[in-house]
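Trainee: Using the sequences and the hints, build the whole thing.
Residue numbers (the numbering used here), protein chains in the order written: chain D, 1 to 442; chain F, 1 to 783.
If you're looking for bench data, these hints aren't it; they were derived computationally from the structure. Just so it is clear, the structure is predicted and the values come from calculations on it, not from any experiment. Built from N, CA and C at the ideal position, the CB exists for glycine as well. Among the clues, some could well be false.
Derived PhoX-like pairs (lysine-lysine); straight-line CA-CA distance at most 25 Å [to be verified]:
#1 D/K199 <-> F/K277
#2 D/K333 <-> D/K54
#3 F/K155 <-> F/K191
#4 F/K155 <-> D/K179
#5 F/K84 <-> F/K163
#6 D/K179 <-> D/K199
#7 F/K155 <-> F/K288
#8 F/K357 <-> D/K193
#9 D/K55 <-> D/K333
Heads up, incomplete: computed chain F residues facing chain D, CB under 10 Å, no partners named [as the list claims (entries may be wrong)]:
#10 I345
#11 L640
#12 S643
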Amino acid sequence: MTLSGPMARRDLLRRLGVGAGVLPFLGNLPSLAVEAAGPKRRLVIVFSPDGVVKKHFWPAAAGPLVATELPRILAPFAPFTDRLLTVKGVNNVVTGDGDGHMRGMGCLLTGIELFPGNVQGGSDTPAGWASGLSIDQEIRHHLQADPATATRFGSLEFGVLVPNRADTWTRMVYAGPNKPVTPIDDPYQMFAKLYGETKDRESLQSVLDEVREDLARVAAAVPAEDRRILEEHATLVRGLERDLAARRPPLTHAVPVLEQGVIEQNDQMPRLSRMQIELVVSALAADFTRVATLQYTNSVGQPHMTWLGIDEGQHELSHEPNSNEAAQEKLTKINTWYAGEIAWLARRLAETPEPDGSGSLLDHTTILWTNELGEGNSHSRDDIPWVLLGGGLGFTAGRAVEFPGVPHNRFLLTLAHALGHTGLVRFGNPDHCGEGPLTGLA
Amino acid sequence: MPFPTSSRRATSLAVAAVWMWAWSGSAPADDHPGLAIYREHCQRCHGAEGVGTAAFPDPLVGERSVHQLAVVIDETMPEDDPTKVTGEAARQVAAYIHEAFYSPVARDRHRPARVALARLTVRQHRQALADLVGSFRGPPPAIDADRGLAGEYFKTRTFNRDKGLVLERTDPTIAFDFGTAGPAPGTIEPKRFAIRWTGAIVPVETGLHEFVIRTEQAARLTVNGGPRGPALIDATVKSGSDTEHRASMFLLGGRAHPLTLEVWKSLQGVDNDEAEKAEPTSIRLLWKQPHGALETVPARVLIPHAAPRVFAAATPFPPDDRSIGYERGTDVSEEWLAATAAAAIATADHVLDDLEKLSGVVADAPDRAARLREFATTFAERAFRRPLTPEQRALVVERPFADAPDPDTGLRRSILAVLGSPRFLFVEAADDDAFATAARLSFGLWDSIPDEPLREAAARDELATAEQLRGHAERMVQDRRTRAKVRDFLFSWLRVDLGPELAKDPARHPEFTPEVAADLRTSLELFLVEAVWSGRDFRGLFTADELPVNGRLAPLYGAPLPADADFTRVRLDDGRRGGLLSHPYLMSVLSYPSSTSPIHRGVFLARGVLGNTLRPPQEAIAPLPAEQHPDLTTRERVALQTSAVACQTCHTLINPLGFALEEFDEIGRYRAAEPGAGGSRPIDASGSYQPRSGSPATFRGGRELAAYVAGSRDAHEAFVQAAFHALVKQPVRAWGDDTLPRLTESFAASGFDIPRLLVDIMMVAAVPPRQRVASAPVPESSP
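Mentor: Given below as structure tokens:
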């Protein structure tokens with residue numbers, strides 16, 4: 001057990017609610033302070049890999065979006081057209097060590113160079129981890145510092161089929177320089193993180209009857225002098241039972257029920273995706289966090305979407321030239337599948353009311369869909385895909401916006417400002433922050 | 001645990017008869033000549049029967065012999081005029097007091113010792129959980145002389161034995177600087193290689209251990225991890241200028257935890273050896289033990305053999321009661337219950353995480369539910385140390401499974417019910433079937449549950465004869481768990497188990513660094529291990545004139561060793577040292593930062609080593625500052641400070657013992673003279689001791705003191721009693737007043753062989769004593 005072990009256990013002791021001076025079960029209790037702070041604002045960043053098929057991704061021109069005229073890849077968003085915002089002309093201009101995929105991934109949310117290191121790409125120099133934290137973690141720190149916006153976890157990092165190896169291609173979120181955060185791509189593990197204590201408490205409660213019966217039987221069989229300690233023990237067990245019952249947190253939502261026995265493998269990707277989406281929705285409904293990331297595979301991701309009739313890996317296809325129509329068609333289908341998952345997430349958020357009754361979760365949540373590359377075969381990091389869906393950031397939606405090629409650091413700053421972190425003037429490499437947050441989105 | 005059992009009492013008693021002696025002791029008659037003297041001179045302060053009075057509330061009880069008492073009374077009592085009771089009168093009143101209420105036997109008569117039901121101590125709880133889970137894994141590696149880690153050197157960037165393995169060897173420590181030439185010039189290209197070290201680590205202490213890797217290259221360290229578990233330190237991505245990586249892990253002292261360290265001098269990702277070049281490469285594995293300093297992990301804690309994972313419950317527990325000198329589980333509290341619940345949850349998590357390996361039941365087994373119930377039943381039987389009755393099985397297996405939504409949750413709940421049951425949490429006290437005997441043996445020697453041979457012997461009822469018991473005890477005493485328990489016992493006996501703060505006046509002793517203090521602790525550790533397990537005997541603890549010293553300690557204590565020498569036995573100070581008693585660690589612990597403390601040393605000797613009872617001082621007294629008495633030696637200052645009559649009752653015993661160690665200064669160096677304002681004064685190391693029987697002894701210096709202690713019946717008996725209590729955690733007198741003297745005699749007869757003593761103690765304690773006073777009916781377990 002690492003250092004987190006004993007600490008985690010101490011936390012567990014505390015959260016089991018035994019003894020005096022126990023903190024309430026944070027995060028499951030509706031926070032009274034929230035009402036004073038205005039409506040919640042949430043951000044869910046969704047990543048899919050290997051660039052997009054530009055002609056089927058970007059709207060033909062800036063301006064209002066029309067549901068029936070959305071590009072093919074964005075078509076699944078049609079029911080939410082009035083909440084949809086596409087942002088073009090924002091480029092990842094970070095240079096330095098690492099190949100295009102590595103810098104695409106490691107600098108996507110950090111906006112800063114990679115350290116030199118030992119991870120060698122297909123070109124360029126080897127590199128290590130990013131040299132700064134990612135914007136979601138920056139926002140997390142800001143929200144956690146204020147009791148009105150602090151939540152139990154601060155942020156949650158979800159994944160779907162992220163390979164079991166830690167390198168520059170598999171990590172997008174950074175808690176700080178050289179501090180990549182591992183996404184949890186096992187829904188059961190994420191469930192245990194979110195609801196494990198509740199389950200522990202239930203399990204413990206469920207056996208206390210047996211323990212008390214056993215104590216009574218044993219006590220009956222020992223000499224009178226020895227009964228005292230067993231009677232004290234039984235009294236303590238009754239106390240624990242009362243404590244557990246009294247401190248059962250008021251649930252603001254139903255604990256999701258996951259399909260059992262889904263194994264992490266390529267063909268299960270659609271099921272794993274839906275399970276993780278369900279947990280994202282639950283975590284937001286419970287106000288466990290206001291910031292989440294959902295990472296599909298990894299940079300250079302190689303899912304084989306056999307359920308779409310595509311046998312080749314995605315990365316392999318993404319290297320084909322634009323003239324290869326068959327590959328372009330498959331990549332379009334692949335990206336449309338990702339859009340469909342995101343649309344499902346939007347639908348689930350739209351169906352789920354805010355616990356305080358002020359509309360739906362989607363009204364106060366923005367999903368941001370992005371990618372480490374603008375285009376796979378050229379490894380271009382110009383026109384990084386940014387698709388926003390939902391009402392968490394207060395941007396004016398239902399339109400396509402284009403910027404004249406601005407560094408993405410400014411867009412990252414814009415996200416922070418929209419979530420209330422208005423004191424942030426530089427993020428990542430300060431040379432790329434220009435005149436600060438982008439204007440014209442709100 | 002005292003559950004009703006039926007038929008085995010007869011056989012158990014047959015064994016018991018060998019080891020039980022009549023409980024005796026009689027109260028003095030009313031016409032005892034000492035009684036009149038007591039009433040006249042003593043009772044006004046000490047009260048009738050020595051119960052105390054408002055002015056002197058402490059009861060008059062202790063461990064001194066009649067003779068020792070008589071000396072004290074003669075010299076110091078009554079306090080207002082010590083000349084009133086002397087000579088024969090002092091002897092008579094001492095005899096009365098001793099027989100009537102003072103002595104352990106007299107107290108025992110008033111409040112007879114009994115074996116009381118006790119919960120597991122914290123140590124027992126952790127050890128039992130480790131063995132409970134561990135019983136479903138493979139056996140730990142055997143104890144042998146191999147040390148270090150098994151190294152595999154690869155010329156490739158992956159650990160492919162067929163394609164890349166070029167060198168295998170055992171490396172004692174991991175502290176290499178390969179420079180730019182690589183680990184094997186000529187065999188391995190320095191620009192691309194990978195090394196993997198595997199084996200196990202056997203830490204000394206239980207607690208949080210910090211591990212540190214220092215390397216310019218990529219590395220990964222796994223300690224006590226599962227095959228899928230995360231590494232303790234994952235620095236496989238080299239990034240930036242980080243060359244040091246740290247992480248901590250909770251480990252159990254004396255157990256072998258698997259360890260793997262990997263290092264790569266290569267790029268990962270796309271295979272492009274054009275991009276690789278020779279670079280300076282070093283790799284070092286360091287740790288910081290509890291109470292230790294950062295150091296290279298020494299070879300003596302590494303073994304080059306595979307070991308199964310150890311379940312080390314890191315759950316913090318409230319400390320056990322040790323008010324009577326040994327840890328025992330005689331109280332329960334809210335914090336304790338919460339800790340047991342948290343430890344049970346941690347155990348269930350661990351079992352469920354590694355279920356396939358532990359239970360042998362694969363995820364999609366068609367009969368999974370039934371087989372998990374069987375696993376739960378076995379788990380419960382091992383936790384309870386006996387087969388389940390149908391009723392118990394219904395309670396802790398069937399019901400939790402029946403109530404749960406799925407078998408995995410059922411197993412989790414069953415584990416919680418088992419680990420919350422008094423049948424797990426309380427130790428067999430008075431039960432006397434073969435299963436209880438097996439558990440008493442294993443808790444006595446290991447602080448843990450029975451292993452497979454014991455379980456099988458109990459099931460076949462083969463723990464009835466003395467030969468059968470001795471056979472198991474002798475086998476068990478050679479186990480790593482006994483070594484760990486004895487190590488913890490000895491550190492606790494020496495009062496250094498909790499890691500005393502050991503800092504010295506930096507102006508006087510700038511060389512006494514935390515590293516030196518940690519090395520001294522290691523030296524004591526090694527000294528004890530060798531004394532107990534390498535054919536030496538109890539007397540050797542005191543008479544050995546060699547101590548383990550390493551290169552860092554050598555200049556400080558005058559040993560001729562090179563600076564990088566590992567611990568080696570060295571004869572110091574021309575043989576003036578007396579083993580344990582003058583060990584520099586103990587001497588430093590029993591000192592102030594800038595002067596010795598004959599009182600601390602004397603109390604340690606009088607109480608800990610010679611087994612006398614001392615009451616705390618009647619008032620807290622700060623030591624006299626040396627500056628106020630620049631003309632006095634430490635000895636003279638202490639004599640002055642404790643010269644009051646009220647002090648003398650105890651300090652006539654304490655001081656002459658402590659003074660004999662004055663030739664060892666506050667960091668345990670030998671000295672012939674003590675510096676002072678008026679110039680250096682020669683050390684007076686003369687001392688004395690009045691044993692509980694026999695004539696007074698005198699000695700001069702640590703060597704003579706140690707020789708005396710080694711042959712002292714008081715010391716032998718005190719050690720036997722301490723060992724008994726550490727092992728059994730019940731009062732030895734519950735087995736009859738003759739048990740301690742008899743064990744002491746057999747200890748002497750064996751040539752003071754400590755492992756043999758442990759076996760003899762367990763031969764007694766494996767069978768419950770006949771409880772002398774049944775103050776309430778004991779319905780079902782009575783014969």
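Trainee: Now, for every hint given, state plainly whether the structure supports it.
Mentor: Taking the hints in turn, this is what the structure says about them:
Note on D/K199 and F/K277: the hinted pairing is violated, with a Cα-Cα distance of about 53 Å set against a maximum of 25 Å. A threshold of 25 Å between alpha carbons decides the hint, and for D/K333 with D/K54 the separation of about 13 Å falls inside it, so the pair holds. Restraint check for F/K155 and F/K191: the C-alpha separation of about 9 Å stays at or below 25 Å, so the hint holds. With a CA separation close to 30 Å, the supplied pair F/K155 and D/K179 exceeds the 25 Å bound.
About 94 Å separates the Cα atoms of F/K84 and F/K163, which puts this hinted pair outside 25 Å; it is violated. This hinted pair does not check out: D/K179 and D/K199 have alpha carbons roughly 31 Å apart, beyond 25 Å. At roughly 32 Å between alpha-carbon atoms, F/K155 and F/K288 are farther apart than 25 Å, so this suggested pair is violated. A threshold of 25 Å between alpha carbons decides the hint, and for F/K357 with D/K193 the separation of about 23 Å falls inside it, so the pair holds.
Distance hint between D/K55 and D/K333 is fulfilled; the C-alpha atoms sit about 13 Å from each other, no more than 25 Å. At its closest, the beta carbon of F/I345 sits 5 Å from a beta carbon of chain D; the interface hint therefore holds under the 10 Å criterion. Taking 10 Å as the C-beta contact cut-off toward chain D, the hint placing F/L640 at the interface is violated, the least distance being around 49 Å. For F/S643, the suggested interface contact is broken, since its CB lies about 46 Å from the closest CB of chain D, more than 10 Å.
Violated hints for the displayed structure, listed by number in ascending order: 1, 4, 5, 6, 7, 11, 12.
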